[in-house]
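K.L.:
Each chain is listed here by its residues.
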Amino acid sequence: MMKRLSLTNRVKLVLLAAAIGFGVAAPYIFSSFIVGLLSLALIAGLFAMSIDLLAGYAGLVTLGQAGISATASYGVGYMANKVGAGIPAQLLVGIAAGLVASAVFAAMAMRTGGVAFIMITLAQGMIVWGLSIRLYQITGAENGLTGIDRPAFVSEYWQYYYFVLTVVLICSFLLFIAVRSPFGSSIKGIRESESRMRMLGYNPALQKFYVFMVSGFFASVAGILFVYLNEFISPSAAYIAASAIGVLEAILGGIGTLIGPMIGAFIIVYIQNIVSTNLERWPTLMGLIFIVVILFARQGIVGAISSGWRRWLESRGPSGPGTAGRDPSDELALDSS
Amino acid sequence: MTDTLTQATSREAIIRAQRRKRRLIFTAASLVVFALLVWWILGKMSVKSFWLQALNGLSFGAVLFFLASGFTLIFGLMRITNLAHGGFYLVGGYMGFSVMNWTGNFALAIFGAAMGITVVGLFTERILLRPIRGMEQPEVLLTIGLTFVLGDLSLAVWGGDPTPVPVPAFLQGPLRIGDFAYPRYRLFVLACAIVVALVLFYIERRTRLGAIVRAGVDDRETVAALGINIKAVFTGVFMFGAFLAGFSGVIGGGFLTLLPGQDFEILLFGLVVVILGGLGSLPGAVLGAVLVGLIDSFAKALVPELSFFTLFAPMALILVLRPQGLLGRE
Chain A
1 MMKRLSLTNR VKLVLLAAAI GFGVAAPYIF SSFIVGLLSL ALIAGLFAMS
51 IDLLAGYAGL VTLGQAGISA TASYGVGYMA NKVGAGIPAQ LLVGIAAGLV
101 ASAVFAAMAM RTGGVAFIMI TLAQGMIVWG LSIRLYQITG AENGLTGIDR
151 PAFVSEYWQY YYFVLTVVLI CSFLLFIAVR SPFGSSIKGI RESESRMRML
201 GYNPALQKFY VFMVSGFFAS VAGILFVYLN EFISPSAAYI AASAIGVLEA
251 ILGGIGTLIG PMIGAFIIVY IQNIVSTNLE RWPTLMGLIF IVVILFARQG
301 IVGAISSGWR RWLESRGPSG PGTAGRDPSD ELALDSS
Chain B
1 MTDTLTQATS REAIIRAQRR KRRLIFTAAS LVVFALLVWW ILGKMSVKSF
51 WLQALNGLSF GAVLFFLASG FTLIFGLMRI TNLAHGGFYL VGGYMGFSVM
101 NWTGNFALAI FGAAMGITVV GLFTERILLR PIRGMEQPEV LLTIGLTFVL
151 GDLSLAVWGG DPTPVPVPAF LQGPLRIGDF AYPRYRLFVL ACAIVVALVL
201 FYIERRTRLG AIVRAGVDDR ETVAALGINI KAVFTGVFMF GAFLAGFSGV
251 IGGGFLTLLP GQDFEILLFG LVVVILGGLG SLPGAVLGAV LVGLIDSFAK
301 ALVPELSFFT LFAPMALILV LRPQGLLGRE
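As given, the protein sequences belong to chains A and B, one line each in that order. Going by the numbering used here, the first residue of the first sequence is number 1, and it counts up by one from there. Going by the numbering used here, the first residue of the second sequence is number 1, and it counts up by one from there.
So that you can see chain B by itself, here it is in the shape it has in the complex (with noise of 0.2 Å):
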């Protein structure tokens, strides 16, 4: 009894050893991978731009960085793959745009946008996901079904000319320190990130309602027995991912530009993140808007015919040494 114990104990300490070595060698031969690529564009660019890229690179990935974790948290909870998440991020943006030509305030664009959305999460949530719980497939064809409503009647009320939104004087121009000059509304952008991630980190990890959802994606049945309300946290996990997805809309419009066809094309952006971080995972989330970020910023820059292919092949190499992304759970 004792004996098939130990053996039991260590056989478990040995997988996992195994497990740990793996995840050393693969940790040392991404950042050789890195160092090499670092190297490598430094001999093709100045130092200069090389940080000017890096930044562009880094603020793109800020962007995909609030569509994604939006994204991550719902798949991760409710195992609902929401493709209408590129659509939230495009009517979400142009909504922005309009309450910021009515009333010229910037604040009240982004959270106003952002309730926007919020609501069409709830109606979404509510009456359209709710009859197919529990049924992924097709759960994930009517957001793909959605998507199209949603990008055809924003052609129809803000027409198919690329629309900025417009940001407020204070962010607009670019920041000098020394002679080193970049755009001060992509810093800000940034600044945004960081703190949005800050956040979310310290939301999932510090407080209750963090428990709660941790807690739900492992075992809902559990938590619905403990008394919680399951279905009010999905419902509100839902809608707190399409505030974030109209979020990053109005705030990605503020540099990127809001055109037809832009929902699908954030889409990929935002799924190459999470395949690459893994799915469900919010530190995975950061690191595939960064690597992302950085890699189609270089990639622009460097060999701008193949601009989407290079997104291809990091998700192909991920796809077949780690199936589950780079901090995915297995």
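Just chain A, with the same shape it has in the complex (with noise of 0.2 Å):
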């Protein structure tokens, strides 16, 4: 027989399916428009949540991932436009230019934590953005490159919507065992005490590397989804906004958490397109947004609702359910260095 479910883990379940039923109907319901700011939405949001697999539990705030997801971006802009290759041969050279530069950057950025991952990790991201405005010849500069058509199949937006929420959430499940893996239970070991791990029989550095490709994986995915989806890329996919874009999105939703992120992203794409069309100020606006989440709301949007909620369970008496289990370390993870 089955295991009852904790009320808050019904509550969880309802609303995610509530959230799927929505993302599959809303197609039928908006226009053209708005599909395509979902799709943008929910790649972000994949982007973002790259982003906070390292940041939330690994503990490593990256500032360069956008340099990650750019390359691979480059890398199927590459063959569809200077070389005319096949949809399969753009994938492949896609996801492998992603990986390499995920390789070279967590080889060097694996031996140190804290503030001075923050520093070459952003180090790095400028470096894509610089190589990608000077090398013409693969890169095309500042005119980026265009032509690159999204496979038959999914050529229409809605078509392509569906395609990206399939992918998306093919991603988030990955994600979802990965954090409660074996696996992620070690790298969440090493946010909390690398020395700790060390005595454990750990290589942190190793553990650091492997989390760092893990991470880099699901921003190539976003990377060559986001280039699909605009038909184009040019240099500033690759510049630190789009990767502070990214941090701001994980921490405004809730770092440590896999579904924040997400929430994160919809909101700051939402504010971006939709809000600050009539506003031409709109990095003023990201950066006060962004200085105002860090002063007030660290602990973000599902951090500060699970928290909430686990009052108003405690309330209900000491005994309530789905009190038990909760791993504390999940939230709070920004401030805890």
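Calculated directly from the structure, the hints in this document are not laboratory data.
Here are the computed distance ranges between Cβ atoms for each label pair:
1) I127/B - G86/A: 52 to 58 Å
2) V47/B - L135/A: 27 to 33 Å
3) G86/A - R130/B: 53 to 59 Å
4) I14/B - S6/A: 55 to 61 Å
5) L190/B - N230/A: 41 to 47 Å
6) E280/A - R130/B: 29 to 35 Å
7) A29/B - A107/A: 17 to 23 Å
8) V47/B - E280/A: 50 to 56 Å
9) N278/A - R130/B: 33 to 39 Å
10) G86/A - R22/B: 49 to 55 Å
11) R316/A - V320/B: 53 to 59 Å
12) S46/B - A85/A: 43 to 49 Å
13) S236/A - Y202/B: 40 to 46 Å
14) F34/B - I34/A: 55 to 61 Å
All C-beta atoms, glycine included, are put in the ideal place defined by N, C-alpha and C.
Starting from two chains that each stand alone, build the complex the way the hints lay out.
P.N.:
Printed below as a string of structure tokens:
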């Protein structure tokens, strides 16, 4: 017989089902513009999740993730625009480029942590941006690469939306399994105490390398989805702003949770594309949101909701269901440095 | 008892000797690499253009030194990674541009802008960073957000066109020595850097203030327990670092021109300087700035399309061989 689910998990399942139902129904309800934005938000959410895997679970905040996803995008773009190869070759080169960049970056950063890690990843991302501006033969410099057609079976905007939805759901599920696996526990261990993990026989540098690679893989997938969405890629995709927005989305939604970055991504994409179309100063607004979130809301939306929910459960009685088995280290990851 | 003591000391001596040996090998290897590089470069260009590129690199390195020394000072004492330093540089440069246009006085432009950025630094430290003091990662992320605000507001105020800071007549044009001519302004920047470096070294090594700062780097609690107002020292050092960033913005704006987006570009160079030289080390900032300046200058002349990548390679090398940087402490 199936185990009876706790109240918390039942609420979570209902909300998840509602979100997926909304996602499936969206193209029947909204205009093509909104559906395009939903695709963008889903991709941004996957990108923010890949950052959160590093920042929230391993405690390694990265400011260069856009460098990795843009490398994957350029891999696809180069094969499509300069070589004229078919879709399989584009995908293969895209993923390979993203993974090679991840491996090089990870090897450089794996022996550091904390603030040094932030600085190194920032420099890495900016170097990808610098190269994409200067290597005209490969990247088309500021003009970017055009003519990156979507595969024929997803050429319509709504077809591509369903494709993105499917890929992002699969990736989220894989990430969900990853953070609950022994691998996930070991990277949380690195965040909590590197020296203790070393005593337990782990090699922290190697663990960091692995988690960086996993994160880089999902960032590459996001980069590839992104390049086919726009059918275009330019250096701004690798710029520090792109990386920083991903970090902002992860923190705003709730770092150390997987659903948080997705929620954060939807909010930021909404503000950037709908609220601020009448506002010229989007970077200022983004910077201010950044500062306000860091000063007053480091827990993020999901963090605030889940601690409020727990308080409500406790007020119903000390032995209320759903409080057991919580991992308190899931929240406030950013404070523990 | 005495046996274990002598054992311990002898083991320490062995470790120290090993470390000295390693450092010697490292230094020798770096010198050999350096000599080979010079030999290779001289095969590619004339001696005259070699000196030209070297001076170009050193004068760019001078600007990077102003920037990186403030950054590294703040980091060394407070463990705050101020990524808004690039934003301070850009806004400082624009302020200097405006003061220069109003008054025509270059010294006033430099110090007016530097003081302006000092006030921005005071605001940043007291209002924005104080509530999250000690939380390293939130501090870094806040300063990134601040950089976006500063960059975008300066775009609104000063526009998006490349803006050089006007320099006074006596610093314009080349200085000729024999048949060798070199821009006066860049020589002036180099001279400034030497003076500033000497002053900073003097303050750090020889004054009471420097002693407090050095002690604060090692052990903040004890310094506070000795009756020194460490919070005031923190604020002062942060303001001084901001001052240097504003200073470098005006000086650098004189020959690098100011552009939107340059805040992050110069920040990248500054970060590579401190990663190479070692975080929190003033001599490291000097060495890193010289290296990055020279690498950038020669790379632009020899392999222009790879000019960013040439920063990447030495950074990767250092991070693998010596993660704490060339002159950084473990």
